[in-house]
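Peer 1: Top line first, the protein sequences correspond to chains A and B. To convert, take the position in the first sequence, counting from 1, and add 43; that gives our numbering. For the record, in the second sequence the residue sitting at position 187 is 172 according to our numbering, with numbers rising by one throughout.
In case anyone wonders, no lab produced these hints; they're calculated from the structure. Given the structure is predicted, the values throughout are model-derived calculations rather than measurements. Take the hints with a grain of salt, since some may be wrong.
Stated by the list, open to error - Simulated crosslink set (BS3-like; lysine-lysine; CA at most 30 Å straight-line):
id	chain 1	residue 1	chain 2	residue 2
1	B	Lys87	A	Lys396
2	B	Lys75	A	Lys362
3	B	Lys78	A	Lys362
4	B	Lys75	A	Lys314
5	B	Lys188	A	Lys362
6	B	Lys87	A	Lys285
7	A	Lys396	B	Lys75
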Amino acid sequence: MTRFTRFTRTTAFKLSLLYIAVFTVMSGFLLVYVAENTDHLMSEQVVQTVDAELKGLSDVYVRGGVRNLVDTIDRRSRHPDASLYLLVDFNGNALVGNIARLPTVVLEEADGGLRRVRYTRLGVDAEDVERQAMVRTFELRGGFRLLVGRDLGDQLRFSTLLGNALRLWLIVVVIMGAITWLFVSRRVMKRIDEISATSTTIMNGDLSRRLSITGNDDEFDRLAINLNVMLERIELLMQSMKDVTDNIAHDLKTPLTRLQTRIETALRDAKNEEGYRTALQATLDDTDHLLRIFNSLLRIARIESTAPGSVLESVDLNKLVAEIAELYEPLVEDEGGRLEIVVSQDLEAECNKDLISQVLVNLIENALKYGHPETGELVISLSGQEQEGRIVLTVTDNGPGIPEKDLDRVQDRFVRLEASRSEPGTGLGLSLVKAVARLHGGDLRFKNETPGLSARIDLAPVTPVSSGTKDGQGTTTGNTN
Amino acid sequence: MLRILVIEDDPEAASYLVKGLSELGHTADQAADGHTGLQMALDSSYDIMIVDRMLPKMDGLSVIQELRREANHTPVLILSALGQVDDRVKGLKAGGDDYLPKPYAFTELQARVEALARRPKSASQVETTYTVGDLTLDRMAHSCRRGDVEIPLQPREFRLLEYLMQHAGQVVTRTMLLENVWEYHFDPQTNVIDVHISRLRGKIDKDFETPLLHTIRGAGYTIRDAVH
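Please take these sequences and the hints and turn them into a complete structure.
Peer 2: Structure, rendered in structure tokens:
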């Protein structure tokens, strides 16, 4: 039962039913139309024949009298495909004709009207055989009544034929419907079932599975491609969540353990209020550091899960970079360095002002920490220009750079190169930069310059309003470069 | 002393807030859900409200919206664990006056609450001249004097001093300065604000006997006359 209901609920089943219904109605209409018309045409033909014969026979009567009429009727009756004739006198006695039996009323009402009657043919049929005919009865001068008619056998046979054809047609339609259903269910439903099966596997935890694509470029392929892109993103998010968890477990363990040791030591060794106070201040610093790590992690996670369309707007990068430079110039100068700005005129990008400012700040702070050259003054340069349809922001220092093998690794969460372990920081600054770059449909890249290190991120330029940017909304942060 | 309403459902966080605020000499009432909070806010008048965003029965933003619809303009500080990219904007749009993401340092909260309490209630109350000791800032003429000496300030230095003097006697945190003077909403990791402060200090305090701009360790800065 459930199997049957499940089967009747499929789209293929409903489509097939609809197909059969529409086809039946259409072909039924056509057949009935043809039948009606043919019937009408044939009846007309019968009437014409009967009328012509009546006219001829009454002429014969007028010219040659009863004897001549009887002869003519007798002769015509013997024809193999003869019409029906019956001539009776005023008493109702048959004089001549080829009808054996007939409802008498037909002869009594000799008004020339057309009637459909049942009759038995003389000399051909047995007593109990009845045929149908179309007849006309006509009263001649002298009280004779003349009946002429045509057998309707052909016409009836044709109707039966059409009826049979209709029945046969219905059967064909049903079979065709069943075949369509089979095709749809086997081919289409198979694809859908495949998709269902794959998604079930994925739901059970195997996120690496993807839907198969046949290459027909049909709607199923398009659906599969979209679902695959979605899965890709989900997997990425899951992976980054797992990474975060792993990294938290790994990197928070150290400060937490240190905190624990500090508290234990204080409980054991502190002799007076001063001792406790010092220990408490130290633990407070530790927790501040922990909170900062948590905040950064949360922020990165949120940026990674934000839909780009909701937070991006067109931003004047000249202004943005100038403001950041204004904020950092004194600090860079105090550190014995110099800040250079090279931004092309009228540079606008589709971005989030706060996040891009934060990115520049992180990169400048990084340069301040690690970008000092061995000799000479530190020069941090901020540049922005359009390159191959993308807006590229670069922060470059003139320091020692980083080893080639670490170029990609530095963007990962909590990764802090050996040289930087002693510096304060969470190791999350660049992860945040990368997350922001990805939110903007771009990426973060590092390159060793001679001398120094450059960090560049790319953003989408501001598109004219008319062409719209709706594409990006609600979909993925697809890498457009 | 301020009358403060804390609408916070987490009992631990709420009692921490109430206790901390009481120790500062304020009177703090607590409501554990949005409905009760809104009722209390409408029934009696508070100087400041601290509202958590996620509350049972009625969320924080709805409470604020309802309050504003009733023409109640009590300054509201929104506390939020969300901190999404555009969360701040949503909070301020709903009628909040300031926004502090969790977790926060109590000194930060204290500074913000006091800043909100001092906020001029209407445009007519905005002063055109700020004075601290012998330091005068004329907002109309965009000029700054200390005693008889005219002090030239860069536009941003002017904004910085203006904000500090607007909150004279109160502690102003680095984040508050970054938000209100530079309009950035993130925590810089380095001492970028300190450098600006020390430059400003070089201009307004260096050549004078009594320093006005003070660093409050672990909290931020304050500008005040030495007499206080």
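Peer 1: Hints first: check each against the structure and report whether it holds.
Peer 2: Hint check:
Taking the CA atoms of Lys87 (chain B) and Lys396 (chain A), the gap is near 22 Å; set against the 30 Å cutoff, the hint holds. Taking the CA atoms of Lys75 (chain B) and Lys362 (chain A), the gap is about 25 Å. The hint holds against a cut of 30 Å. For the proposed pair Lys78 (chain B) and Lys362 (chain A), the alpha carbon gap of about 25 Å is at most 30 Å, so the pair holds. Taking the CA atoms of Lys75 (chain B) and Lys314 (chain A), the gap is about 51 Å. The hint is violated against a cut of 30 Å.
Note on Lys188 (chain B) and Lys362 (chain A): the hinted pairing holds, with a Cα-Cα distance of about 27 Å set against a maximum of 30 Å. For the proposed pair Lys87 (chain B) and Lys285 (chain A), the alpha carbon gap of about 24 Å is at most 30 Å, so the pair holds. Between Lys396 (chain A) and Lys75 (chain B) the CA atoms are separated by roughly 16 Å; this keeps the pair inside 30 Å, and the hint holds.
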